[in-house]
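Work the whole structure out from these sequences, hints included.
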Amino acid sequence: MKFVENQQADDTLDLVCRMCPLHLLEPGEKLACLKKGQVLEVLTDYDGALEDIPAWCKKCGQEFLGIVEDEDCYKLYIKKQK
Amino acid sequence: MEQVYLDHASATPVRKAVMEAMLPYFSERFANPSTVYDMGSKIKQAMEEQREKVAQLIGAKAKEIIFTSSGAEANNLAIKGVVLAHRKKGNHIIISSIEHHSVLNAARFFERMDYEVTFLPVDAFGMVDPQRLREAVRKETILVSVMHANNEIGTIEPIAEISSVCKEKGVLLHTDAVATVGNIPVNVDDLGVDLLTLSGVSLGAPKGTGALYFRGGLRLMPLIQGGIQESGRRGGTENIPGIIGLGKAAELAMEELPANMEQAKKLRDRLISGVMKRVEHVKLTGHPEKRLPGHASFCVAAIEGEALIFMLTREGIYANTGSACASKALKTSPVLVAIGVAADLAQGSIVFTLAPGNNADEIEYVLEKFPPAVERLRAMSPIWREKSAA
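Chains as they are written, first to last, in my numbering: chain F, 1 to 82; chain X, 1001 to 1390.
Do not rely on the hints blindly, as some may be mistaken.
[As the list claims (entries may be wrong)] Calculated lysine to aspartate or glutamate pairs in the EDC-like style (CA-CA distance at most 20 Å, straight line):
hint, chain 1, residue 1, chain 2, residue 2
1, X, K1088, F, E5
2, X, K1080, F, D14
3, F, K79, F, D14
4, X, K1088, F, E69
5, F, K30, X, E1048
6, X, K1089, F, E26
[Said to hold, decoys possible] Now the stretches of chain X that chain F is said to cover, found in silico as 3 or more residues with beta-carbon under 8 Å:
hint, stretch
7, 1228 to 1242
8, 1374 to 1388
[As the list claims (entries may be wrong)] Okay, the calculated beta carbon distance ranges per label pair:
hint, chain 1, residue 1, chain 2, residue 2, range
9, X, Q1225, F, M1, 22 to 28 Å
10, F, Q7, X, G1235, 48 to 54 Å
11, F, E51, X, S1164, 41 to 47 Å
12, X, A1259, F, G48, 52 to 58 Å
13, X, E1255, F, Q38, 41 to 47 Å
14, F, C60, X, R1087, 33 to 39 Å
15, X, A1017, F, E51, 47 to 53 Å
16, F, E29, X, G1040, 14 to 20 Å
17, X, G1040, F, E63, 48 to 54 Å
18, X, H1101, F, D70, 34 to 40 Å
19, F, D72, X, R1138, 19 to 25 Å
20, F, M1, X, A1017, 53 to 59 Å
21, F, E29, X, G1226, 54 to 60 Å
22, X, K1139, F, C20, 33 to 39 Å
Think of the hints as simulated: they come from the structure by calculation, not from any bench.
In this text, all values refer to a predicted model and were calculated from it rather than measured experimentally.
Note that CB positions come from ideal geometry on N, CA and C, so glycine has one too.
Written out as structure tokens, the structure reads:
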């Protein structure tokens, strides 16, 4: 698991309280609104996302930057590559 | 006169245009909107168009609407969904003491789990005092829920003022607007609410339809865990014909609201003044001005509301005692108790809820039949004999 600190983001997607497979559907829609090189922060309380999102990034050609474990959720950072 | 239906708060007939819009979605347009092929994606598109219409009716964005099976479900989703999602903030909920059972019992559900619930008192007209709310809010308060208008007494609550208090204190606000959406203009930004419940029943849409508005970005724990429906906030294959009906009804309500309000108000005022003039010892319940346009509610001394309903039914007039639950449980209505109506007077509760389909002749017919029905019941009433003797 790749952890990061003080990662800045251009936009945030809050998926806390929402279940699988939303964490694999909504990041794609949100990234479509960002420019190449911008960073999306995904908030989730679903443990499965910790493996799923890095794998999804790999499959979709996006760069997974890492995770921050916050008090009530995980923050996952994705850099738009295409 | 064959039938005068004045119980539109309980149910409205599904409008012809609404039914016609729905019909194809029972047969040729039956596909599941979550499927990827074109049959399904067309249904999904139709569903999203209805979401837009419902959102427009209340000044919201389409993505802020969750379709539900009823107003009761939307109320439950608002209370339980918000409290569970924000449970780390505290353990305190505030609701008014005249809420519908679906809000009241959703809050009581949390009382059983060691949350604290404050039931805000109301004045003699059923109005919540924003100052009392200010005093009741604590740092542990997660949510305030005050209905937009009460279905039993018709009073419209000062939601915008209540919202100012909630904003000042940093607390979320939900309003149950089942009685208002479609009957008066409702705009979520003007009201300043974070969540709002509406139901198809009061719009001329079929039963089994409703929606919850939640302000964009608000965390909400789903009540029904499932798939990707409603963006993961409510599982289960969508009730597409119902949603189409709700959307069509919302579209019609937008177009017709100003004229309908005016018409309902005129009829209501005629009914209220007629009853007050022709029957002695009658109390108008709820606020005399800040009330729903088509709502007239009374407590008639020395009679039973149910008996009066039956008498009127024999004349083809359909009204309600106000609280079906309380009435069936032989319990005094908690709303009437909250506004300080004496228990014996509260027994004589009767509520008329009008709709645009009603007309002046029907109101005159009710005014003709209402006084003799009360007289006949009072003639049999020992309470009335005592009252008259006194």
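Now for the hints, and whether the structure bears them out:
{"no.": "1", "hint": "X:K1088 / F:E5", "result": "24 Å, violated"}
{"no.": "2", "hint": "X:K1080 / F:D14", "result": "19 Å, holds"}
{"no.": "3", "hint": "F:K79 / F:D14", "result": "16 Å, holds"}
{"no.": "4", "hint": "X:K1088 / F:E69", "result": "17 Å, holds"}
{"no.": "5", "hint": "F:K30 / X:E1048", "result": "18 Å, holds"}
{"no.": "6", "hint": "X:K1089 / F:E26", "result": "27 Å, violated"}
{"no.": "7", "hint": "1228 to 1242", "result": "holds (count 4)"}
{"no.": "8", "hint": "1374 to 1388", "result": "violated (count 0)"}
{"no.": "9", "hint": "X:Q1225 / F:M1: 22 to 28 Å", "result": "26 Å, holds"}
{"no.": "10", "hint": "F:Q7 / X:G1235: 48 to 54 Å", "result": "32 Å, violated"}
{"no.": "11", "hint": "F:E51 / X:S1164: 41 to 47 Å", "result": "46 Å, holds"}
{"no.": "12", "hint": "X:A1259 / F:G48: 52 to 58 Å", "result": "53 Å, holds"}
{"no.": "13", "hint": "X:E1255 / F:Q38: 41 to 47 Å", "result": "42 Å, holds"}
{"no.": "14", "hint": "F:C60 / X:R1087: 33 to 39 Å", "result": "34 Å, holds"}
{"no.": "15", "hint": "X:A1017 / F:E51: 47 to 53 Å", "result": "50 Å, holds"}
{"no.": "16", "hint": "F:E29 / X:G1040: 14 to 20 Å", "result": "18 Å, holds"}
{"no.": "17", "hint": "X:G1040 / F:E63: 48 to 54 Å", "result": "33 Å, violated"}
{"no.": "18", "hint": "X:H1101 / F:D70: 34 to 40 Å", "result": "38 Å, holds"}
{"no.": "19", "hint": "F:D72 / X:R1138: 19 to 25 Å", "result": "21 Å, holds"}
{"no.": "20", "hint": "F:M1 / X:A1017: 53 to 59 Å", "result": "56 Å, holds"}
{"no.": "21", "hint": "F:E29 / X:G1226: 54 to 60 Å", "result": "20 Å, violated"}
{"no.": "22", "hint": "X:K1139 / F:C20: 33 to 39 Å", "result": "34 Å, holds"}
Violated hints for the displayed structure, listed by number in ascending order: 1, 6, 8, 10, 17 and 21.
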